[in-house]
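K.L.:
Chain residues, written in single-letter form:
Number of protein chains: 4
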Amino acid sequence: MRGVATPIEFRSDNAAGVCPEVLAAIAAANVGSAPGYGADELTAQLQQRVREVFAHRDAEVFPVATGTAANAVGLSALCPPWGSIVCHESAHINVHECGAASLLSGGAVLRALPGPHGQIAPATLEHAFAQTWWDDPHQSQPAVLSVVCPTDLGTIVAPKQLQTLTGLARSRGMRTHLDGARLANAVAALGCAPADVTWRAGIDVMSFGATKNGGMGADAIVSFDARASAELRYRLKRAGHVPSKLRFLSAQLLAMLTDDLWLRLAARANAAAARLVAGLRELGLVPLERTEVNMVFLALDAATVTALAQAGLLFHELTPGTVRLVTSWQTTDAEIDDALTRAATVLGRG
Amino acid sequence: MRGVATPIEFRSDNAAGVCPEVLAAIAAANVGSAPGYGADELTAQLQQRVREVFAHRDAEVFPVATGTAANAVGLSALCPPWGSIVCHESAHINVHECGAASLLSGGAVLRALPGPHGQIAPATLEHAFAQTWWDDPHQSQPAVLSVVCPTDLGTIVAPKQLQTLTGLARSRGMRTHLDGARLANAVAALGCAPADVTWRAGIDVMSFGATKNGGMGADAIVSFDARASAELRYRLKRAGHVPSKLRFLSAQLLAMLTDDLWLRLAARANAAAARLVAGLRELGLVPLERTEVNMVFLALDAATVTALAQAGLLFHELTPGTVRLVTSWQTTDAEIDDALTRAATVLGRG
Amino acid sequence: MRGVATPIEFRSDNAAGVCPEVLAAIAAANVGSAPGYGADELTAQLQQRVREVFAHRDAEVFPVATGTAANAVGLSALCPPWGSIVCHESAHINVHECGAASLLSGGAVLRALPGPHGQIAPATLEHAFAQTWWDDPHQSQPAVLSVVCPTDLGTIVAPKQLQTLTGLARSRGMRTHLDGARLANAVAALGCAPADVTWRAGIDVMSFGATKNGGMGADAIVSFDARASAELRYRLKRAGHVPSKLRFLSAQLLAMLTDDLWLRLAARANAAAARLVAGLRELGLVPLERTEVNMVFLALDAATVTALAQAGLLFHELTPGTVRLVTSWQTTDAEIDDALTRAATVLGRG
Amino acid sequence: MRGVATPIEFRSDNAAGVCPEVLAAIAAANVGSAPGYGADELTAQLQQRVREVFAHRDAEVFPVATGTAANAVGLSALCPPWGSIVCHESAHINVHECGAASLLSGGAVLRALPGPHGQIAPATLEHAFAQTWWDDPHQSQPAVLSVVCPTDLGTIVAPKQLQTLTGLARSRGMRTHLDGARLANAVAALGCAPADVTWRAGIDVMSFGATKNGGMGADAIVSFDARASAELRYRLKRAGHVPSKLRFLSAQLLAMLTDDLWLRLAARANAAAARLVAGLRELGLVPLERTEVNMVFLALDAATVTALAQAGLLFHELTPGTVRLVTSWQTTDAEIDDALTRAATVLGRG
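Protein chains in written order, with this note's numbering: chain A, 1 to 350; chain B, 1 to 350; chain C, 1 to 350; chain D, 1 to 350.
Derived by calculation from the structure, the hints in this document are not laboratory data.
All residues carry an ideal CB built from backbone N, CA and C; glycine is no exception.
A couple of the hints might just be wrong.
Take a look, some chain D residues computed to stay more than 12 Å from chain B by CB distance [to be verified]: (1) R51; (2) H56; (3) A130; (4) D136; (5) A271.
Covered stretches of chain D, as calculated for chain B (at least 3 residues, CB under 8 Å) [as the list claims (entries may be wrong)]: (6) 28 to 41; (7) 106 to 113.
Go ahead and model the full structure; you've got the sequences and the hints to work with.
P.N.:
Here you go:
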């Protein structure tokens, strides 16, 4: 008798568990009492560590519970309420945050631009700027450029490209934001310095994700902009985003940034995706996008989608016929191979 | 040579650590992968457990990272943006949340009423209602009554009193909210059923705190109102208050509600405060408020404040001359006795 | 010696003056004193008149000072703050209101769809619906369909088409909004009953413009939806949109709706545009859009744009090379003929 | 047989009509066409005139349709969304604007202080400051001081007192706002230069009312602060507060500021109130507040309230037993005398 196949997790990297180092750091943080709301020792250490890792002596870090909070509160410190935030139409802030940026900015709007690979081409940005009625209250004034890296389609915005985009924005007096929910995956893949894809590429404020990368519940806003930093303290509090026992978030982030744990975990997830894609290609399945980090997109017919699900693969069908598989720090080679075997069976190539 | 005295923690119950049961529950939750955003097993169990503990079969629980989030998002589901939220002038939402309720409700205002012991007297509420221009857009229409129990002054609103207040509010078509950041302390002190100080006393939506009571970072909105529950899913998401790995918050809350852990921990904090007050009274220090849970308020001259601080007591001076000491689940009898000894020395009564 | 040519006004119908009937109505309203904020006689008469003209016995009218106010406040009464408002990408609310709908709704977002003639095709709407993650807080839930008629490109959405669109929206539980800043021009052109392009076509709330049509400063929200009507009183007040001397706005609207003045004025503007287009076609200039009301769009090279401006034609260049000419109730045949003569000269076809 | 008495208007100065000069100015403005949204000649002239009248060469004026808009949008340009606006508890923004300041500022809160005569005493302000946790996100940071002059109780804040209050606020880094809905009445009563009760007394931004003073519907924000001015253009537009035919508002304000019309009209209203109070005192009725402009407050028993109303006096009973009578530019001596005769009859002193 055939049993039910063990599920293999590809729904999201946030479906994965917490890595042991983070769990240990939480336990270690639980010694005695400590002042609340970030006035503790661990948060001070994290502050220091972020400045070292990002090679920026004035960077300020604000740990938060969710990536949506990091994005929306971070953007609110950059964008006046009458401004617009220019982003790619696939950006998480545009598609999956239920209007958080508009709420927390007090009414700013998103101006979503198209472009292949989840990225805005410089020419597209310039065209949008040329269409804009600048300095005219009849239009929401473009005030912030928000870039996702890696994008929601799993591609990496090259540091040079990022610099070009932020340069265009800055030439219009705009400020710049990076949604780095999976920044670790990009940095691990690029092998660059963290500064190269952030402030050195012209970014003012970024969301830095750790939850998807083996954290328990700790993302952060990292601000390279003094004016934004000054506002963020208040903006976070009034949005309910200053946990009293903040030290337990700081502990997670500190563990991540110690001994390159964040990059090692991300590299594992990236490698798992690469292995998956290699196997899928052998089965004749070509991803819709180049796989540069830990996300794989496939166009599949409805029958295949169903069959793969029945074979125990856990994944999301984003829109009818478009499937996303995400690997995590926890995905093992054995799981990938098992998944590929099942896929082969489903596709009749076993 | 005299060494520096070990600090004794009375700043806040959120300065305390995480209790072992909660830490164990977090570790236990970290098995395999799980769907994000509350679609997991533990959150389902928590849902069930909340319904049992509060004896309400339609109660819905929404774990969140902070008490401010619980209050402000919860209120936003009760109050139209043009409404006013009636509360006591000492209420946390009025004094310490940096306008969160106004932000998240889209512009609702607070109408703060005075009254002894941090409580609104029914007559005061009736008077406020009599002064109101009802059904007239020239005034923010009172739409929600928000009561804190225990209050920010550490007193308990008796269930009967609560019922009277919510009854008055309901007679005006208003909805009702309870800030239960320390509800455990009130229920432990009253020895009543949790329902008696919540929905049976007329409450529609409440904030349920666990963080101050030995949690790591898990409070919750508990809704007894179907209309509010339906909105909360969206209101939380767009405020960045739906953690992807929600199960680790659910695990904490579930541990709390298992075997009455929440009440046992709160009872410990209450007992520590009672012991402290008894000792202080012997020293001639009479608290400003009756001490019904775990908070003690004292009027002290500046020299005494300084001397106590130098003696290693950690506490907050709320406004010049008014000091607050808070005990927690972690406060030991030995700490209380040590603190009293130091206080006696400071006061020259050693 | 050649003098400077008298300017001919095509910038906007809001550049035109106030028609004599409206001015007389204002003067007539200035007799004695009257209660403020809409409790006056004229506002009551307007209420009655709107119900007659739109053949809807529960319609409620709320005069406001601007079209943006009518749109944004009207939409705020239809859309929950976590919802999205589906509209055409050329819609005034999307392009020219500086985020007003997001502000006044408390954070709702716009979801702009493409389509020829400034109109959403039913298939486009269905496709957008098919892509939506319904009942999922990870996406702003489509909550309102907002249609402009006539569109910002000067085309009319046929009543049947409007009904199809609102029917699709309603099948998803959405509510419906009409931006009728120039509704008079559409009704005049269609020769239909006002109800046919509004509530009988499935509209819940609309903006009704009079300012562009010979008013001094009086647009209105007309609500066919009791729930929205109840909210609007408060939403208008808290947005600063309830003038104390409201009767002077009501007087304008009442004059408009008396003896079909609104339709007669709009018909004049429409006729002027038709005359203009006929002449332009003879000169070889084909409008970019069909001219169904009082707006004409032309693609012109930079030299022609400059020459026409130098010849005294007042118009807007919306984006480089795209020119809009708008006629009004005040535009005379002589002006059109004069403008055409000048254009002929510029184009070398004199 | 006795007929019904002609009503005498004391409900509000906004119940009065439009003065002939303003009506004439509107008619005169209706010549030809003009660019919209304030780009017209009359608005430019108004700008110049405001700078002359207020003796401030950088003042910027923004005409709006309502006083609530002037207050709430003006405040939004001064107060960060996490700030608090300190005002008197009787202030219009606190009592009668339905939360407009919170909406338009994106969540700022009001901190209302008590004090006799509708005024904040300097000591009360200092006490409030001493209680504040400055530079701490746990409290809404006091960011704006808003003073009403004349107050909602009809008293005048002396220029020196105003200077003291704004000085205290400025020493804390706060900005300052004046609700001058009836500023004309205060300036007329004081006989001072308009600058003396505004920017020379430390005011950054003010609401300047004309509607209650014989206008048709034209108040204004006047900004003496460049940063606020730059924001106001956008803040007004996105709130729906930039009328397309703005010139008709500018025309009204310009007429007001020509030949001291605003002061002459206000002086008339003030004189009428003085005459009324003199007569009431003879009848033994002492106003609750000193009558410094055009508002009279009386404490009356229910029977007297009813009898006066039946005698044809139109007024508001603000709360049970407290009656307000307001005179206007239109109130005649004959009306005052008639009203006093009727009051005498009611009071049995005929």
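K.L.:
Now, for every hint given, state plainly whether the structure supports it.
P.N.:
These are the hints, each one checked on the structure:
no.	hint	in the structure
1	R51	holds (34 Å)
2	H56	holds (32 Å)
3	A130	violated (7 Å)
4	D136	violated (9 Å)
5	A271	holds (28 Å)
6	28 to 41	violated (count 0)
7	106 to 113	holds (count 5)
This entry does not satisfy hints 3, 4 and 6, going by the numbered hints stated previously.
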